[in-house]
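Novice: Sequence order for the protein chains is Y and H. Following the numbering used here, the numbering of the first sequence begins with 1 at its first residue and continues without gaps. Following the numbering used here, the numbering of the second sequence begins with 1 at its first residue and continues without gaps.
Hints are computed from structural coordinates only; laboratory data are not their basis. A few of these clues could be false.
[As the list claims (entries may be wrong)] In the DMTMM-like style, the derived pairs of lysine to aspartate or glutamate whose C-alpha atoms are separated by at most 20 Å in a straight line are:
id, chain 1, residue 1, chain 2, residue 2
1, H, LYS184, Y, GLU689
2, H, LYS184, Y, GLU249
3, Y, LYS415, Y, GLU708
4, Y, LYS17, Y, ASP39
5, H, LYS184, Y, GLU701
6, Y, LYS17, Y, GLU48
7, Y, LYS18, Y, ASP63
8, Y, LYS709, Y, ASP291
9, Y, LYS562, Y, GLU592
10, Y, LYS408, Y, ASP707
11, H, LYS184, Y, GLU633
12, Y, LYS117, Y, ASP291
Keep in mind it's a predicted model, so treat the numbers as computed, not measured.
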Amino acid sequence: MSARHQEQPPRPAGPGKKWIRVSKVVAGVESEEWVEVDDDEEGGEEDELAWPPRGEMHVLNRDLPRVDGPDKVTGRARYTHDVRLPGMLYARLLLCPHPTAKFELDLEPARAVPGVKEVRLVTEEETLYLGQPIAAVAATTPEAADDGVRAIRARFEPKPFAVTHEQALAENAAPVGKNGNVRADQTKGDLEAVESALAECDAVVEATYRLPVQHHACLETHGVVVDYSGGDQATVYASTQGTFSVHGEVPKLLGLPAGAVTTVVQHMGGGFGGKFGPDLAGRVACELARDLKTPIHLMLTREAEFLTAGNRSGCVQTLKGGAKKDGTLAALSARVDRLGGIGGGSHGGLPYVYAPRVSFLESRAVHTHTDGSRAFRAPGHPQASFAMESLLDELAYALGIDLLAIRKKNLPSGKDGDVWSRQLDLCAQLVGWDEHPHKSAPDASDAPLKTGIGFGISTWGGGGRAECQVEVRIARDGAVTALSGTQDLGTGTRTLVAAIVAEEFGLALDDVVAQIGRSSYGQANGSGGSTTAASLAPAVKDAAHNARAAFFEHLAGALGTKRERLACERGEILERSDSSGAGDGRRWSWEEACATLPPSGLSARGEWKSQLASRGTHGAQAAKVTVDTLTGEIRVVQMVCVQDCGLALNRLATRSQINGGMVQALSYGLLEERVIDPELGLVLNANFEDYKIAGCQEIPEMIAVIDEKDDRAVIGVGEPPVIPGHGAIANAIHNACGVRLREMPLTSDKLLTGLVALREGTREGPKRPDGAGR
Amino acid sequence: MPDPKQRRGPEENLSRRSFLKGSGVLAASGIASRAAAEPGAGLAWQAEPERLSGTAELALSINGEERKLSVEPRTTLLNALRNHCEPPLTGAKLVCDHGSCGACTVHLDGRPVYACMLLAADAVGREVTTVEGLSSGDGGELTAVQRAFCEHDASMCGFCTPGFVMSVTACLARKPGATLEEIKSACSGNLCRCGTYPHLFQAALDAGRRMGAGSTKGGR
Numbered sequence: 001m002s003a004r005h006q007e008q009p010p011r012p013a014g015p016g017k018k019w020i021r022v023s024k025v026v027a028g029v030e031s032e033e034w035v036e037v038d039d040d041e042e043g044g045e046e047d048e049l050a051w052p053p054r055g056e057m058h059v060l061n062r063d064l065p066r067v068d069g070p071d072k073v074t075g076r077a078r079y080t081h082d083v084r085l086p087g088m089l090y091a092r093l094l095l096c097p098h099p100t101a102k103f104e105l106d107l108e109p110a111r112a113v114p115g116v117k118e119v120r121l122v123t124e125e126e127t128l129y130l131g132q133p134i135a136a137v138a139a140t141t142p143e144a145a146d147d148g149v150r151a152i153r154a155r156f157e158p159k160p161f162a163v164t165h166e167q168a169l170a171e172n173a174a175p176v177g178k179n180g181n182v183r184a185d186q187t188k189g190d191l192e193a194v195e196s197a198l199a200e201c202d203a204v205v206e207a208t209y210r211l212p213v214q215h216h217a218c219l220e221t222h223g224v225v226v227d228y229s230g231g232d233q234a235t236v237y238a239s240t241q242g243t244f245s246v247h248g249e250v251p252k253l254l255g256l257p258a259g260a261v262t263t264v265v266q267h268m269g270g271g272f273g274g275k276f277g278p279d280l281a282g283r284v285a286c287e288l289a290r291d292l293k294t295p296i297h298l299m300l301t302r303e304a305e306f307l308t309a310g311n312r313s314g315c316v317q318t319l320k321g322g323a324k325k326d327g328t329l330a331a332l333s334a335r336v337d338r339l340g341g342i343g344g345g346s347h348g349g350l351p352y353v354y355a356p357r358v359s360f361l362e363s364r365a366v367h368t369h370t371d372g373s374r375a376f377r378a379p380g381h382p383q384a385s386f387a388m389e390s391l392l393d394e395l396a397y398a399l400g401i402d403l404l405a406i407r408k409k410n411l412p413s414g415k416d417g418d419v420w421s422r423q424l425d426l427c428a429q430l431v432g433w434d435e436h437p438h439k440s441a442p443d444a445s446d447a448p449l450k451t452g453i454g455f456g457i458s459t460w461g462g463g464g465r466a467e468c469q470v471e472v473r474i475a476r477d478g479a480v481t482a483l484s485g486t487q488d489l490g491t492g493t494r495t496l497v498a499a500i501v502a503e504e505f506g507l508a509l510d511d512v513v514a515q516i517g518r519s520s521y522g523q524a525n526g527s528g529g530s531t532t533a534a535s536l537a538p539a540v541k542d543a544a545h546n547a548r549a550a551f552f553e554h555l556a557g558a559l560g561t562k563r564e565r566l567a568c569e570r571g572e573i574l575e576r577s578d579s580s581g582a583g584d585g586r587r588w589s590w591e592e593a594c595a596t597l598p599p600s601g602l603s604a605r606g607e608w609k610s611q612l613a614s615r616g617t618h619g620a621q622a623a624k625v626t627v628d629t630l631t632g633e634i635r636v637v638q639m640v641c642v643q644d645c646g647l648a649l650n651r652l653a654t655r656s657q658i659n660g661g662m663v664q665a666l667s668y669g670l671l672e673e674r675v676i677d678p679e680l681g682l683v684l685n686a687n688f689e690d691y692k693i694a695g696c697q698e699i700p701e702m703i704a705v706i707d708e709k710d711d712r713a714v715i716g717v718g719e720p721p722v723i724p725g726h727g728a729i730a731n732a733i734h735n736a737c738g739v740r741l742r743e744m745p746l747t748s749d750k751l752l753t754g755l756v757a758l759r760e761g762t763r764e765g766p767k768r769p770d771g772a773g774r
Numbered sequence: 001m002p003d004p005k006q007r008r009g010p011e012e013n014l015s016r017r018s019f020l021k022g023s024g025v026l027a028a029s030g031i032a033s034r035a036a037a038e039p040g041a042g043l044a045w046q047a048e049p050e051r052l053s054g055t056a057e058l059a060l061s062i063n064g065e066e067r068k069l070s071v072e073p074r075t076t077l078l079n080a081l082r083n084h085c086e087p088p089l090t091g092a093k094l095v096c097d098h099g100s101c102g103a104c105t106v107h108l109d110g111r112p113v114y115a116c117m118l119l120a121a122d123a124v125g126r127e128v129t130t131v132e133g134l135s136s137g138d139g140g141e142l143t144a145v146q147r148a149f150c151e152h153d154a155s156m157c158g159f160c161t162p163g164f165v166m167s168v169t170a171c172l173a174r175k176p177g178a179t180l181e182e183i184k185s186a187c188s189g190n191l192c193r194c195g196t197y198p199h200l201f202q203a204a205l206d207a208g209r210r211m212g213a214g215s216t217k218g219g220r
């Protein structure tokens, strides 16, 4: 699918070992690497650890209301923003209002503001990007901190800048950093072979597709609260996707030994890829707390969140593709510019999923004086998918081929292709493709309100690796607790931890308490690349399995039976008769059995087992839109997603994730765009009035289907459902009215312009001076 | 290539200072309209903006309890709840601070309002209900709306959830059998980034059905 795969492990596996491929997202770029793990399947353990068959689970793979739901609906859930500590100061950052500037600050007026306790520079260097924080204020109230920031006197010497693609590539462009504005870092394939194959094609389409910079727009902004009042202990509350991505760095920033700091992530208000590590806010907060010896609350303002907390890189990609009469995609070349500001940007590679005979790709980072891109839910894939699905559609129309058929024809061969094909068929069925009259040409009627359907598909790695430590405890009073330092982004991690233990012990979900989000509970991976569930769940299962084994061992002695005869289900411990007829068939309630434990209870640890995780997702989506050709209004009326993710531990939360992916794709497709004034070098929509995200009125009927045919182990589902939705919507718009929107967001003004061009160009010829027609 | 130096006069460098003055006057006028400030005080304030700091003593009725707060006149109801109540009421969230996301929604005399768009002083003499005040007693029974939110998984990260709970609760209190379109309309001032909307609509419709079947009052 793309060049990032290293097809073979670096060397043969050692004895009792095997190689597995794992996903990794670093700074917004997805990659895969080979990791050598224990080959548990070969080990021939007496009690092979495996997920029960789908139909035999009594907790897992069902609809589970999340265990922290009651905390969230009552306001009891405490987020980092909500932490209040005695003596705590609120910190704010002064942002540079220019894309790049030298500056001098007079901090004295700010120090004189009542309530302000500290004002300091964050940097003295020339700034590199628009909105870069340059000073920090700490004060007794948020209002006083705002006053302090406003009171700083600043003298800026703005430098020439480049904030757009065109400005960055201009001949005399202002330099962004020291290494030039363009970094061509990926070339693959054979351009000559592509060109000669294109010459033989029956249809060739060349087009440029543009995607804007998208913001994560997490409702809880980035930030930390540092609880430190001097002394040798500190607690850091962080709104993060990785407890340990913060925990690994804050002790150093506080000048404390690693063991002296606890990092806490009880609840966090959205991350979507952009919240890893302490970040600038974390660094400043730790330094302030260290120096002032008082707790610091530093959460970004909404403006700072928009300007400095990362984004999905924009993209300008020119594709040239050719197909044979029968719809076979013969050749594809692509030139991709990734607009990641001072960051590298990301792109999922082209061709995306579909498999032309020959292809060529050149990908470059084009830098501007704007905030660096970060990982954002399926980094790079939504950009690649939009171009690929659009191009495929354009070829289908050029050849008069069914839009569903051309997709199925060009899938990779083999098992993966079969899965996508099956998923596309189900999507088509659910969206009503069979009855749809416009399968290979847009609706050319004069009806003012038209309906169209579009498709798209996705892929993602997901999967897990040995990164989580989990402990399961059984107390003498029957309480069961599972502990891990992992974090719940809203994906339902806390719930799946409890559910796996409940399943293993034959208990109900409510009988198990999952304690997560605290570094002292044990190492866990960050939630990136859809790897949380597949890394964590096997370790939870293993810990629960070990705890059960230890419990049965204990019970065998305490109750006078053999451990092999014991089983647990429905809150009871059962003694089964064995083959010799021995055993009394006794039963004890869970509490009775636990009462035999020593006062300290029982505890067991677990680690990741490769056979409990799988990798590699497939998904297909369809969108149905209506287009009002008089007003240009575009309404998405239905979205359908068929998604596999291995074992769906919690079906309800999995559907929530799938819905969420579709909603974000819809929002990205129709509404979202960072708008920069290219002359003034200002972001014009760094707030929720002007940066639009989908609200209730935009939400269509949504059908989220978990692919029932997937019998693999746990994979993860965070990223894939966000990938193909906006492409499907753009395709549906074209299907409805014949206007191809190649630039997102897909707005009414672009549609109306396209309708005019269509009427003048292809349907009614050049516009007549009297404006006759409509 | 734009060169910002050619467009901006040096006097703009002082704008932060003048903005501070301006913000002081604005803050003052907020309270002046309620508390009949001294005549001519505006001029003195412009000369010495620092004098504006200070606090007002307010008594607010929040979740049925009277709370005495000491806040600056410019303090929003949201900041009063989150930063000046003891214990703090942090259920209402600060997200946009501009009345565009609904995460801070509370009820004022039973009607949903954005707490970030009201001064604390504007809530004097009125009944404020926050998400913490919906369910009865200490960590008591969930309301029909809260239960439905849990059952249908209407929250993911949960940061928008208190605001949606308040909007749906107010909507269903007015009309227990609200339709999907009415629910969408009632919640169109609330944003969710995780995209829980489909489950949220199901929860609201389900709660509405349950409440419609029972009492026609607020579903407490």
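Novice: Do the alpha carbons of LYS18 of chain Y and ASP63 of chain Y lie within 20 Å of each other, as the hint requires?
Specialist: 35 Å, violated
Novice: With the threshold set at 20 Å, check whether the alpha-carbon distance from LYS184 of chain H to GLU249 of chain Y stays at or below it.
Specialist: Violated, at roughly 44 Å.
Novice: Given the hint that LYS415 of chain Y pairs with GLU708 of chain Y, test it: the Cα-Cα distance must not exceed 20 Å.
Specialist: 16 Å, holds
Novice: Would you check the hint for LYS408 of chain Y and ASP707 of chain Y, treating anything up to 20 Å between C-alpha atoms as holding?
Specialist: Holds. LYS408 of chain Y to ASP707 of chain Y sits at ~17 Å (cutoff 20 Å).
Novice: Below or equal to 20 Å on CA atoms is what counts here, so check LYS184 of chain H against GLU701 of chain Y.
Specialist: Since the Cα atoms of LYS184 of chain H and GLU701 of chain Y sit roughly 13 Å apart, the hinted pair holds (cutoff 20 Å).
Novice: Would the pair LYS184 of chain H and GLU633 of chain Y pass a check requiring their Cα atoms to be no farther apart than 20 Å?
Specialist: 19 Å, holds
Novice: Is it true that the CA of LYS562 of chain Y sits at most 20 Å from the CA of GLU592 of chain Y?
Specialist: The hint holds at about 17 Å.
Novice: Given the hint that LYS17 of chain Y pairs with GLU48 of chain Y, test it: the Cα-Cα distance must not exceed 20 Å.
Specialist: 17 Å, holds
Novice: Tell me if the straight-line CA distance from LYS117 of chain Y to ASP291 of chain Y falls inside 20 Å.
Specialist: Holds, at roughly 12 Å.
Novice: For a C-alpha distance cap of 20 Å, please report whether LYS184 of chain H and GLU689 of chain Y respect it.
Specialist: 19 Å, holds
Novice: Would the hint linking LYS17 of chain Y and ASP39 of chain Y be met if the CA-CA limit is 20 Å?
Specialist: Roughly 5 Å separates the two Cα atoms, so the pair holds.
Novice: CA of LYS709 of chain Y to CA of ASP291 of chain Y, is that 20 Å or under?
Specialist: 58 Å, violated
Hints 2, 7 and 8, counting from the list given before, are not met by this structure.
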